[in-house]
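J.: Chains B and A, in that order, are what the protein sequence lines are.
Residues in the first sequence are numbered consecutively from 1, following the numbering used here.
Residues in the second sequence are numbered consecutively from 1, following the numbering used here.
Derived from the structure by calculation, the hints contain no laboratory data.
Heads up, the beta-carbon is just placed ideally off N, CA and C, and yes, glycines get one too.
A portion of the hints provided could be inaccurate.
What the hints assert, rightly or not - Far from chain B, some chain A residues (derived; all Cβ distances over 10 Å): (1) T51; (2) G61; (3) F62; (4) K68; (5) E69; (6) E76; (7) Q81.
Unchecked claim - Simulated crosslink set (DSS-like; lysine-lysine; CA at most 30 Å straight-line): (8) B/K57 / A/K52; (9) A/K106 / A/K60; (10) B/K14 / A/K106; (11) A/K60 / B/K9; (12) B/K57 / B/K71; (13) A/K68 / B/K9; (14) A/K68 / A/K106.
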Amino acid sequence: NAGVTQTPKFQVLKTGQSMTLQCAQDMNHNSMYWYRQDPGMGLRLIYYSASEGTTDKGEVPNGYNVSRLNKREFSLRLESAAPSQTSVYFCASSEGERGYTFGSGTRLTVV
Amino acid sequence: GDSVTQMEGPVTLSEEAFLTINCTYTATGYPSLFWYVQYPGEGLQLLLKATKADDKGSNKGFEATYRKETTSFHLEKGSVQVSDSAVYFCARRGSGGSNYKLTFGKGTLLTVNP
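Produce the entire structure from the sequences given, and follow the hints as far as they go.
T.: So this is what it looks like as structure tokens:
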């Protein structure tokens, strides 16, 4: 099925470890996004990529980096994980006036 | 800046009750407006949208009308089902140079009991 694929679905990290969350879309969308979802906070934008070759900070970028590898793929990296980064992470993509298409999420726990 | 305010939950209803979830947005420009739904353990799915004033978006029995005069986009359904239990997010498209980005409300948890 066409859509946004995120890997992994679940991850447990120790404080200080690093990891990369992968996201790929097969809809030929130009724009891609990374959000985190925390109880009572809704969705907060971490980083986004308006088009291939560009990335920009969102609302809560500290502690994260991103790479827009090509038009399909947009990865999120945690260099030194902290317990405050325990969250559910969603990748999304969009094109033009259409709404976003979301992946199914990565549930990350940092202990 | 761009923002969306939606009613805080949780909302608990009995099956076949009428549902309203309020949503208002900042009146910067004339943004497209959206409702997304998130079922337990899943990502967000687009439920409906409206792109200009007085437009009505509808899907799966849900409706929302773009009210420019009150800057609102309230979600309604005449008769909810247990399967409608989910978190609902209102969103607006960004303004100016950020018009491809969406700003989301904090979400409203709906629980429908049989």
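J.: Each hint: holds or not?
T.: Each hint, compared with the structure:
| no. | hint | result |
| --- | --- | --- |
| 1 | T51 | violated (7 Å) |
| 2 | G61 | holds (19 Å) |
| 3 | F62 | holds (15 Å) |
| 4 | K68 | holds (18 Å) |
| 5 | E69 | holds (23 Å) |
| 6 | E76 | holds (19 Å) |
| 7 | Q81 | holds (23 Å) |
| 8 | B/K57 / A/K52 | holds (29 Å) |
| 9 | A/K106 / A/K60 | holds (22 Å) |
| 10 | B/K14 / A/K106 | holds (29 Å) |
| 11 | A/K60 / B/K9 | holds (28 Å) |
| 12 | B/K57 / B/K71 | holds (18 Å) |
| 13 | A/K68 / B/K9 | violated (40 Å) |
| 14 | A/K68 / A/K106 | holds (21 Å) |
Comparing the model with each earlier hint shows violations of hints 1, 13; every other hint is respected.
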